[in-house]
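Can you build the whole structure from these sequences, using the hints too?
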Amino acid sequence: LPNNDTTTVEKSDTDVLEEAPYTVKIVPSHSDAFELQVSSFELVQEIHRVLMDREETCGCTCFSLTLNGQTLDMFAELKTVQGLADGVEIRVVEGVSWWYCSFFP
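First residue of the sequence shown? That's 1 in this note's numbering, and the numbers climb one at a time after it.
Hints may contain errors.
Label-pair distances were calculated between CB atoms; the ranges are [as the list claims (entries may be wrong)]:
| # | residue 1 | residue 2 | range |
| --- | --- | --- | --- |
| 1 | Glu55 | Gln82 | 28 to 34 angstroms |
| 2 | Ala76 | Met52 | 16 to 22 angstroms |
| 3 | His30 | Lys79 | 26 to 32 angstroms |
| 4 | Asp86 | Thr66 | 25 to 31 angstroms |
| 5 | Thr80 | Cys58 | 24 to 30 angstroms |
| 6 | Cys58 | Gln82 | 16 to 22 angstroms |
| 7 | Cys62 | Asp86 | 25 to 31 angstroms |
| 8 | Gln70 | Tyr22 | 14 to 20 angstroms |
| 9 | Glu55 | Lys79 | 18 to 24 angstroms |
In short, the hints are calculated from the structure, not lab data.
Every value quoted in this text rests on a predicted model; they were computed, and no experiment measured them.
Cβ atoms here follow ideal geometry from the backbone N, Cα and C, with glycine treated the same way.
Okay, structure coming up:
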């Protein structure tokens, strides 16, 4: 800035809460549940990729993720998922959608 002034942008409490990472519990169908730290700006697809990389769940290649019985949209940002909060359980449901199997082998 010309006068060497600095501009401070303050974040609202809701902005800080949306950026704060939270921990969800992943419940695979064939192995023990585990906790995963996620950011509200991540896509559901990122959780899918983590599961594909984990030794316990890498054998499962055709699955969807559900929260409170609702299948999560792979391309949704986590902050848009209704009911997503710190400590919730996300379940891994195998072989329920040809779409996931076709596009994410």
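The hints, checked one at a time:
1. Glu55 <-> Gln82: 28 to 34 angstroms: For Gln82 against Glu55, whose Cβ atoms are near 31 angstroms apart, the range 28 to 34 angstroms holds.
2. Ala76 <-> Met52: 16 to 22 angstroms: Between Ala76 and Met52, where Cβ atoms are some 18 angstroms apart, the hint holds.
3. His30 <-> Lys79: 26 to 32 angstroms: 30 angstroms, holds
4. Asp86 <-> Thr66: 25 to 31 angstroms: Cβ of Asp86 to Cβ of Thr66: about 18 angstroms, so the range 25 to 31 angstroms is violated.
5. Thr80 <-> Cys58: 24 to 30 angstroms: 28 angstroms, holds
6. Cys58 <-> Gln82: 16 to 22 angstroms: 29 angstroms Cβ-Cβ, so the 16 to 22 angstroms window is violated.
7. Cys62 <-> Asp86: 25 to 31 angstroms: 29 angstroms, holds
8. Gln70 <-> Tyr22: 14 to 20 angstroms: Given a distance of about 18 angstroms, which is inside 14 to 20 angstroms, the answer is holds.
9. Glu55 <-> Lys79: 18 to 24 angstroms: At roughly 29 angstroms between Cβ atoms, Lys79 and Glu55 fall outside 18 to 24 angstroms, so the hint is violated.
In summary, the structure is inconsistent with hints 4, 6 and 9 from the numbered list given earlier, while agreeing with the others.
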